[in-house]
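**Q** Can you make the complete structure from the sequences, with help from the hints?
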Amino acid sequence: MKEITEVLQRVAARLFNEGLEMFIGYESGSGLAKARPFFAAAQEETAALVFNPFCVHNLAKYLVRFPKAKIAVVVKGCDSGAVERLVRERNLDRTKITVIGVPCGGMLAREKVMAELPQDAEITTVTDRRDAFVLQTSKDERVLDKKAYLLEKCLTCSQNNPVGVDLMLGKEAPPVGEPGKDPFARLKEISALAPPARAAFWDRLMKRCLRCYACREVCPACSCTECCFEQAVPGWQKGATWLSKAITLSDNYHYHLIRAFHAAGRCTGCGECERVCPVRIPLMLLNKKLAGDVEELFGPAPPDAPSALYTYSAGDKDEFS
Amino acid sequence: MDSKIIKKEKLLSLLERFIADYHVLAPVREDGVLFYRPVDIPGDIELNPGRSVLPPKGRLFPQTEALYGYRVEGEKLTLNEYVEEERQVVLFGVHPCDLRSFAVLDAVFLEEPRDAYFAARRNNTVLVGVSCSSVLPECFCTTYGISPVEGNGADIHLTDVGAGAYLVEILTPRGKDLLQKFESFFEDNVAGAAEAKRAKEASLVKKISLQVKVDGLHEKMASIFENPYWEKLSRRCLGCGVCTYVCPTCHCFDIMDDGTKEEGERFRCWDSCLFREYTLHTSGHNPRHALAQRLRNRFFHKLSYNNQRYNTEGCVGCGRCVALCPVNIDIREVIGTVRGLV
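Here the protein sequences line up with chains A and B, keeping their order. The first sequence begins at 9 in our numbering and counts up by one. The second sequence begins at 6 in our numbering and counts up by one.
Worth double-checking, as some hints may not be accurate.
For lysine to aspartate or glutamate, the following DMTMM-like pairs were computed, each having C-alpha atoms within a straight-line distance of at most 20 Å [as the list claims (entries may be wrong)]:
1) A:78 <-> B:86
2) B:205 <-> A:128
3) B:212 <-> A:119
Not the full set, but computed from the structure, chain A residues with beta-carbon under 10 Å of chain B [said to hold, decoys possible]:
4) 37
5) 208
6) 213
7) 218
8) 221
9) 287
Simulated from the structure, these hints should not be mistaken for lab results. C-beta atoms are modelled at their ideal positions from N, C-alpha and C, and glycine is treated no differently.
**A** Here you go:
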């Protein structure tokens, strides 16, 4: 991944020559097999930029924080849809943004990699060999088969090449998803459960939610400047909110279901909500369920049309009339 | 200090007795994630747990805690306070960093005016500590002078000394009572157990990868309050509550009412300085309106305010925030950077 990192740094440096004010990419993180979002505000900072299979974060939402700046952002295939969505919903001024696409060979699940590596090793180089990543460490070389070490979402990925970008770094990447692996397999299993068993499945997970709101804060579809769950309810006593701050099963459900509905037909499937959840609630099951429902009710979304929740047609299904 | 030995199978039968006689909270694994939960079956308990997602502080300071209920009938107002009744809860399997965190929370909640809710829960809780058996890459307890095998703060403390045996250290009068009540489960301490514990300590401490120092830091923090570093650090911060919720020493709470004019409850729940509504005034003004200010507040609280107010460190080096921050904001790095700035 050395080449792509070098190209990235060169491109970023050049953009600063052309008047760029902020470059959002990745730098190495504080632990082994870790990267993190990085904000270069000047040309000399671009040397810290990296790209490797630990760049899991979707950086699109950070763009909203810089409404006036000339800005560039690095996107993978699963991130590019979020930029497009934010632009289409008029949260971003596309003319100010340079979208830099990186064809993606999949992202490694850190937990699995860490279990493999000796604790005091350092990763010196990472090479993408199509079916495997080769990690050269200070101690030895590890060949990590993608089928076994990629993030779950990557194994069913069909969008690893970014779309709608201004600059594409590198050649188109071959598909990373395992052919024939159904992204909806788990959802189908859960949907097939009898209602009491399905309720028990979700109760157990929802009980666990801490309401830390990491899933909301990271989600590019959660683009409201004030979330409905922070709003005071008009006309009620001061301080009353739509959602109790108490952690109860029903309040947790309330939060997750409303959030999922607000993202229905708008979720671009980056899976960040699930990645950041400290108690591992499989939130993409909810998002996938609603994506399926929206498609069933309103048909497949044409690529340039606003999402189902943003439009109204007299022909929409109306189950209440 | 008295010490004993307990064999692993005896420990399991002791836990069974605990379950029969007390309410037991202990580390259990759920979908691979470690939580402290009420336990009915000793076999569910992780004896050498490692790091739980949430610290055990929720036993003393629950995420949501009803404080009192009210009821209005005509002219009559009835208040019903929910201070925990006397009962015995065994909190099993607490590691040294989390044991220290209880002292940090004590300083906050037990100083005058004493928090009756916390005090009752504290008084009802018997603490059984367990030495660490492994060191995770984010652990840095030694920064705060904590040893991964010392049970300061526990009533009794266990260390797996190999060959299916645990060294049991009895550290408080309450621990002594517990030992006397269940004497038959324990054996006399044997030669070599203390040495095994020391050896374990040495090997664990060696594995703590990143060494940072905090000595003298808190007095100098004020000089970097306005440093641009905080804005820079906050660029990648999501503003979620993960770091504060998984922190064993974070103790901010919000008080809310739930009910009608006739009856209802007042409760408190964890708050997080990273949230937009944190310290939001009724007027709409927020003295910490920017994320950078809120993030700075967290680090000042951990590295300075706690020292100033309570003369204790505000962090115990458990590494949870480091491990779980979705964007890798690492307090060890912050400490390193801040040391260079002051």
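**Q** Restraint: residue 221 of chain A near chain B, CB-CB cut 10 Å. Satisfied or not?
**A** holds (5 Å)
**Q** Would the hint on residue 287 of chain A be counted as holding, given a Cβ-Cβ threshold of 10 Å to chain B?
**A** holds (6 Å)
**Q** When you check the alpha-carbon spacing of residue 78 of chain A and residue 86 of chain B, does it fall within 20 Å?
**A** violated (57 Å)
**Q** Given the hint that residue 212 of chain B pairs with residue 119 of chain A, test it: the Cα-Cα distance must not exceed 20 Å.
**A** holds (19 Å)
**Q** Would you settle whether the hint for residue 208 of chain A is holds or violated, based on the nearest Cβ-Cβ distance to chain B being less than 10 Å?
**A** Constraint on residue 208 of chain A not satisfied, violated at 14 Å.
**Q** Report holds or violated for the interface hint on residue 218 of chain A, using the least CB-CB distance to chain B and a cut-off of 10 Å.
**A** Hint holds; residue 218 of chain A Cβ to chain B Cβ min 5 Å, cut 10 Å.
**Q** Would you mind confirming whether the straight-line C-alpha gap from residue 205 of chain B to residue 128 of chain A stays at or under 20 Å?
**A** holds (19 Å)
**Q** Regarding the hint that residue 213 of chain A lies at the interface with chain B, is the smallest CB-CB distance below 10 Å?
**A** holds (8 Å)
**Q** Would the hint on residue 37 of chain A be counted as holding, given a Cβ-Cβ threshold of 10 Å to chain B?
**A** holds (4 Å)
This entry does not satisfy hints 1 and 5, going by the numbered hints stated previously.
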